[in-house]
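So the sequences go chain by chain: Z and B.
Numbering of the first sequence is given in this note's numbering, commencing with residue 1 and proceeding in unit increments.
Numbering of the second sequence is given in this note's numbering, commencing with residue 1 and proceeding in unit increments.
The set of hints was computed from the structure by calculation and includes no laboratory data.
Be a bit skeptical, because a hint or two may be false.
[As the list claims (entries may be wrong)] Below, computed lysine-lysine pairings styled on BS3-like, alpha-carbon distance capped at 30 angstroms:
id	chain 1	residue 1	chain 2	residue 2
1	B	Lys361	B	Lys227
2	B	Lys46	B	Lys396
3	Z	Lys107	B	Lys46
4	Z	Lys43	Z	Lys2
5	Z	Lys43	B	Lys361
6	B	Lys29	B	Lys46
7	B	Lys174	Z	Lys44
8	Z	Lys43	B	Lys174
9	Z	Lys107	B	Lys151
10	B	Lys144	B	Lys178
11	B	Lys178	Z	Lys44
12	Z	Lys126	B	Lys46
13	B	Lys144	Z	Lys44
14	Z	Lys44	B	Lys151
15	B	Lys46	B	Lys200
16	B	Lys209	B	Lys151
17	B	Lys29	Z	Lys43
18	Z	Lys2	B	Lys144
19	B	Lys263	Z	Lys43
20	B	Lys257	B	Lys209
21	Z	Lys2	B	Lys130
22	B	Lys403	B	Lys257
23	Z	Lys126	Z	Lys44
24	B	Lys209	B	Lys289
25	B	Lys200	B	Lys285
26	B	Lys174	B	Lys209
27	B	Lys29	B	Lys289
28	B	Lys151	B	Lys263
29	B	Lys130	Z	Lys107
30	B	Lys29	B	Lys263
31	B	Lys403	B	Lys298
32	B	Lys257	Z	Lys107
33	B	Lys289	B	Lys46
34	B	Lys151	Z	Lys2
35	B	Lys403	Z	Lys107
36	B	Lys263	B	Lys298
Listed below, chain by chain, are the residues.
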Amino acid sequence: MKLTRVIGVGSPFGDDQLGWKVVEALSNEITLQAYIPHLLQLKKLDRPGLSLLTEFQQCYSVILIDAIVNDGNVGKIYRLSGHEIASINNRVTSHHVSIADALELGKALNILPEIVIIYGMEIDPKHLSNSLSEQVSLSFGGLVNAINQKLRELLSHA
Amino acid sequence: MNKITTVNIPVLTRIEGETALHVQISDGKIQSLELRIYEPPRFFEKLLVGRGVQELLDIVARICGLCPVAYQMSAVQAIENIVGIKPSAWVRNMRRLFYCGEWLQNHSLHIHMLALPDFLGYASAIDMAKDYGDEVRRGLRLQKLGNDLIKILGARSVHPVGTLVGGFSHAPPKREVKDLLAHLYQGLDDAEQLLRWLAKLELPEQSQKFVCVSLSHSSEYPMNEGKIVSDEGLDIEIDQFDAHFAEHQVSYSNALKCLLHGKSYLLGPLARVNCNFSLLPSNVKQLVKELGFQFPIKNMFYSIIARAIESMLCFSEAIRILECYDYPESAFSLYETQAGIGYGCTEAPRGLLWHRFELDKNGLIQSARIVPPTSQNQARIEEDLHDSLTQLGLDKPENELRKYSEVLIRNYDPCISCSTHFLDMRVSRK
Numbered sequence: 001m002k003l004t005r006v007i008g009v010g011s012p013f014g015d016d017q018l019g020w021k022v023v024e025a026l027s028n029e030i031t032l033q034a035y036i037p038h039l040l041q042l043k044k045l046d047r048p049g050l051s052l053l054t055e056f057q058q059c060y061s062v063i064l065i066d067a068i069v070n071d072g073n074v075g076k077i078y079r080l081s082g083h084e085i086a087s088i089n090n091r092v093t094s095h096h097v098s099i100a101d102a103l104e105l106g107k108a109l110n111i112l113p114e115i116v117i118i119y120g121m122e123i124d125p126k127h128l129s130n131s132l133s134e135q136v137s138l139s140f141g142g143l144v145n146a147i148n149q150k151l152r153e154l155l156s157h158a
Numbered sequence: 001m002n003k004i005t006t007v008n009i010p011v012l013t014r015i016e017g018e019t020a021l022h023v024q025i026s027d028g029k030i031q032s033l034e035l036r037i038y039e040p041p042r043f044f045e046k047l048l049v050g051r052g053v054q055e056l057l058d059i060v061a062r063i064c065g066l067c068p069v070a071y072q073m074s075a076v077q078a079i080e081n082i083v084g085i086k087p088s089a090w091v092r093n094m095r096r097l098f099y100c101g102e103w104l105q106n107h108s109l110h111i112h113m114l115a116l117p118d119f120l121g122y123a124s125a126i127d128m129a130k131d132y133g134d135e136v137r138r139g140l141r142l143q144k145l146g147n148d149l150i151k152i153l154g155a156r157s158v159h160p161v162g163t164l165v166g167g168f169s170h171a172p173p174k175r176e177v178k179d180l181l182a183h184l185y186q187g188l189d190d191a192e193q194l195l196r197w198l199a200k201l202e203l204p205e206q207s208q209k210f211v212c213v214s215l216s217h218s219s220e221y222p223m224n225e226g227k228i229v230s231d232e233g234l235d236i237e238i239d240q241f242d243a244h245f246a247e248h249q250v251s252y253s254n255a256l257k258c259l260l261h262g263k264s265y266l267l268g269p270l271a272r273v274n275c276n277f278s279l280l281p282s283n284v285k286q287l288v289k290e291l292g293f294q295f296p297i298k299n300m301f302y303s304i305i306a307r308a309i310e311s312m313l314c315f316s317e318a319i320r321i322l323e324c325y326d327y328p329e330s331a332f333s334l335y336e337t338q339a340g341i342g343y344g345c346t347e348a349p350r351g352l353l354w355h356r357f358e359l360d361k362n363g364l365i366q367s368a369r370i371v372p373p374t375s376q377n378q379a380r381i382e383e384d385l386h387d388s389l390t391q392l393g394l395d396k397p398e399n400e401l402r403k404y405s406e407v408l409i410r411n412y413d414p415c416i417s418c419s420t421h422f423l424d425m426r427v428s429r430k
């Protein structure tokens, strides 16, 4: 049995809630219901820092979803895996306790799951409201679909 | 002709807030040394004016991402002093447990992510983990248990939300307590092994004269309550703080400097152990003596040892509290709002955190004062840097001065909130 855990990182405000919103959308996907919770687990975290590593226990694959501040192209979707993750730094993620650092430490300790993928979207950090900004909302469905597709691929081999 | 050297460290990262170090050396002596905390003022004390007490507890938790429990505990103590609540024995125990979680989380992060890479010669904990995997894994286990202790009462480990005036918003079910307790026994063993391992470290030998200040309690190692004491005879109630301690502003720093009778003093784990060694649990005292440590110790490099000692203390206390856990009839007491002035002072991981609030008859805050450990330690850090750099040799190369300053400042437990590198230091020699 190969467990996949999807972790949305964020907070309840503005575009920073992207990771949580994606997890909520995935939890409503009818096609995924049969896999929850034995093969697929969905979780929302707020600034996990190094305790992110404890969320990897017993997982074969982990998908992380986070809001990203990089080149200002709001709504742009990112997908990073393998060595690409090491290239991100504090300036890239909106969560300044770096996910990349936690992953690097996990790699040094040899405790990372077989598959780790980060999905992200460029957000507007100045958008302060209870809902997502217009540009992020427009790209939101595409991000959910991309993750859903990847999940079905992973779960078909579970 | 005078030789003038300026050591300029424009950004001290991996510490809470934004700070720089500027040292001017002339004729082989330090002429000025300034720890420049240039993080903009955050005006929390003004932000609180006009707010109700429950908002207060949520707002002060946001002051620091690493020690929100401390801010909530000092604030709730001050408010309860105004409204006349004496916490029940259950609430008192749970608050001590809450604090154990925060100390554990902070201490294990500092030991493994900040201090140990320095002492073992690595650039970062990530590099260190490649050679000391078991030790770093143990550190992560200790940190996780600290987070778990905070979560069981505060629902989450960052900015917890369970604290109320009079108690907590909920009581943990016995089943959750039982599950957590099982892990705490392993945690105590891990903490003991950590202390044994750290005792083998070769720490720099130095001794300085400084005053240690902490809370002191008649029957327990201080966390949530007590009198303010020093190892030079100070012994006062927390509402007498202003009669002995004075904050003042310096032109180069946005943080207020606090002095005791006009002099610097040390807060934090080493000061606490120095002032309260006899109140540590017997299992901890026995191990400390077996390992050959003799407190009081006036060497800041032994702060890492003090943190490991307090980690053992936290597990011992958490186990003691949870082994006797009973689900209460109520997790909080009701109270009636009233006007007045209240003081709170508890031991944050980095030392005394003093609060003073004034409420009006509607329970709204009229004035707030918060004196955090960082500003209280600021003068001591500067003195330590002055003495230690002089002892090291002021003609040393730039990199050596910078590295030594970094290590020394880390002894005071800078937060790791935001950065992955440390000093960007420039030296100009004239």
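Hint by hint, here is what the structure shows:
| no. | hint | verdict |
| --- | --- | --- |
| 1 | Lys361/B / Lys227/B | 28 angstroms, holds |
| 2 | Lys46/B / Lys396/B | 45 angstroms, violated |
| 3 | Lys107/Z / Lys46/B | 45 angstroms, violated |
| 4 | Lys43/Z / Lys2/Z | 17 angstroms, holds |
| 5 | Lys43/Z / Lys361/B | 44 angstroms, violated |
| 6 | Lys29/B / Lys46/B | 41 angstroms, violated |
| 7 | Lys174/B / Lys44/Z | 26 angstroms, holds |
| 8 | Lys43/Z / Lys174/B | 25 angstroms, holds |
| 9 | Lys107/Z / Lys151/B | 27 angstroms, holds |
| 10 | Lys144/B / Lys178/B | 17 angstroms, holds |
| 11 | Lys178/B / Lys44/Z | 25 angstroms, holds |
| 12 | Lys126/Z / Lys46/B | 24 angstroms, holds |
| 13 | Lys144/B / Lys44/Z | 17 angstroms, holds |
| 14 | Lys44/Z / Lys151/B | 15 angstroms, holds |
| 15 | Lys46/B / Lys200/B | 48 angstroms, violated |
| 16 | Lys209/B / Lys151/B | 40 angstroms, violated |
| 17 | Lys29/B / Lys43/Z | 57 angstroms, violated |
| 18 | Lys2/Z / Lys144/B | 25 angstroms, holds |
| 19 | Lys263/B / Lys43/Z | 51 angstroms, violated |
| 20 | Lys257/B / Lys209/B | 19 angstroms, holds |
| 21 | Lys2/Z / Lys130/B | 27 angstroms, holds |
| 22 | Lys403/B / Lys257/B | 25 angstroms, holds |
| 23 | Lys126/Z / Lys44/Z | 22 angstroms, holds |
| 24 | Lys209/B / Lys289/B | 23 angstroms, holds |
| 25 | Lys200/B / Lys285/B | 18 angstroms, holds |
| 26 | Lys174/B / Lys209/B | 48 angstroms, violated |
| 27 | Lys29/B / Lys289/B | 40 angstroms, violated |
| 28 | Lys151/B / Lys263/B | 39 angstroms, violated |
| 29 | Lys130/B / Lys107/Z | 9 angstroms, holds |
| 30 | Lys29/B / Lys263/B | 21 angstroms, holds |
| 31 | Lys403/B / Lys298/B | 21 angstroms, holds |
| 32 | Lys257/B / Lys107/Z | 42 angstroms, violated |
| 33 | Lys289/B / Lys46/B | 47 angstroms, violated |
| 34 | Lys151/B / Lys2/Z | 29 angstroms, holds |
| 35 | Lys403/B / Lys107/Z | 27 angstroms, holds |
| 36 | Lys263/B / Lys298/B | 17 angstroms, holds |
Comparing the model with each numbered hint stated earlier shows that hints 2, 3, 5, 6, 15, 16, 17, 19, 26, 27, 28, 32 and 33 do not hold.
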